[in-house]
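**Q** In order, the protein sequence lines correspond to chains A and B. Take the first sequence: its position 21, counting from 1, is numbered 21 in my numbering, and each next residue is one higher. Take the second sequence: its position 104, counting from 1, is numbered 1104 in my numbering, and each next residue is one higher.
Treat the hints as calculated values from the structure; they're not laboratory data. Keep in mind that the hints are not guaranteed to be accurate.
Stated by the list, open to error - Which stretches of chain B does chain A cover? Using the computed rule of at least three CB atoms under 8 Å from a CB of chain A, they are:
{"no.": "1", "stretch": "1145–1153"}
{"no.": "2", "stretch": "1165–1176"}
What the hints assert, rightly or not - As a list, the in silico DSSO-like pairs of lysine-lysine whose alpha-carbon atoms are at most 27 Å apart:
{"no.": "3", "chain 1": "B", "residue 1": "LYS1203", "chain 2": "A", "residue 2": "LYS130"}
{"no.": "4", "chain 1": "A", "residue 1": "LYS130", "chain 2": "B", "residue 2": "LYS1007"}
{"no.": "5", "chain 1": "B", "residue 1": "LYS1007", "chain 2": "B", "residue 2": "LYS1243"}
Built from N, CA and C at the ideal position, the CB exists for glycine as well.
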Amino acid sequence: MHPARSIILFTTLSGLGFGLLACLGLGLPPVTGWTAFAFFAIAYALASGGLIASTFHLGHPERALKAFTQWRSSWLSREGWLACITLALGAVYAFPIVFYGTRFALLGWLVAVCAVATVLATSMIYAQLKTVPRWHHWSTPLLFFLYAAAGGLLLAGQISVAPILLAAAGAVQIVAWVIGDGRFAGSGSTLGTATGLGDRGTVRAFEPPHTGPNYLTKEMVHVVARKHAARLRVIGIVLASGLPALALVALPFSHGLAVLAILAHIAGILCIRWLFFAEAEHVVSLYYGRRAV
Amino acid sequence: MTSLPAKTDKQLGLVIDLDICVGCHACVTACKGWNTENYGAPLADKDAYGNEPIGSFLNRVHSYEVQPENGPAQLVHFPKSCLHCVDAPCVTVCPTGASYKRVEDGIVLVNESDCIGCGLCAWACPYGAREMDPAEMVMKKCTLCVDRIYNDNLPEEDQVPACVRTCPTGARAFGDLSDPDSAVSRSVAERGGMDLMPEQGTKPVNKYLPPRDKDIDVLAPLLEPVAEEPRGFLAWLDKALDKI
């Protein structure tokens, strides 16, 4: 799949933002006043920044409000609703904390539940697609959740819990890569089933329908730079999980170190999300004889 | 609403005969022509005469080589457009309700004024039947020429999809596939019409008729060598050369 910058930014930033909002909802860290304001501001900047980035992916962003109508059937619509509900509830929850130093725990838990639901809805936009076997797997929502939780805890300064989540995310990521590499072959879709000619012999794409690219080949048959995938996986996981976890556990804590850990984590997530799209193969690539190796 | 109807009154669709298609791409041109001039946003081409032309099409013709275990390879021309699936995954993912499946005839359509151009429906389609128009930035797909098939202003023979009307070999047939007595349903039953990627669970309405077996054998006997052993002068030469 084409790794569009807007979508990589959206999933990365909004994941972190809603992760932090969920932590704040649970009272982690138990801040009030202007310190709380700063934390909430960061969460809102990340979450809404991601959502705004996602609209750059749209052909007609001016019609984006229509996306709220189909929550009964569409994960994309549900994601929109959940994001808005979470941000609205979060604002109601943040107001008394910032201005009166009062935290309504029940409301906070609700914000946390909604934030997690938003991240899961985002992941289901991808996990629901049977056409992309690598994504159509339980590891997709689990990873989106773990990265949001780990990033949120990191941003919330929870240096005792964050390394555990970071390690868990890294471990599940490795499992997801190993399983994911066999998902396309395991899906049962081949050029033989795609054309219905498989029982007659070996089917080979002889000639494409057109000499140039088209929307499908640009959007769904992205094969560029997969040759660096193995190296990028190592870089991604080291930056996203390894370095931040190690820094928090092994080195004496300082705010500078925490900032570095957060920056490394964000860079790692961007790298991993790039791979999430670039490595995902769509079954339509079979028709174009361009199943990447 | 982007939920799929539980049942449609009809299942209008195409039956494509891979035995007959010669890969002339006339259906591609006819489709592009009709759907550029009629219903919905025109099918744009960008840089049409430049180095990197790209445009939206609702129908494309691939060509595949099938190499059987024994015997010569066969070339199969393979037109592909929306299959108007019963369980169309493109419809349920749509966040705006722009994508829908009609209850009356099962045609899958896009309401272009509601389309936000998110592209998720194209991702959900295993067949590559949907393409984002590069100029209008809305999703385009086969309408089964909904503006022809019910159009009383057209002569009766033209009230079929443009691709069907134009096909010079009759490789494309249009009809109601929910009616077991329709011509299309009968040809599917007779010829073993097949679904594309049945494992995707989309239950496509459009069917493909496989190439007929032993097709090549009509000519193959005539291509057999008629003289295995040389005779006359050649027989003498053959023996003489062996003796040297």
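**Q** Looking back at the numbered hints, which does the structure fail to meet, lowest number first?
**A** 1, 2, 5
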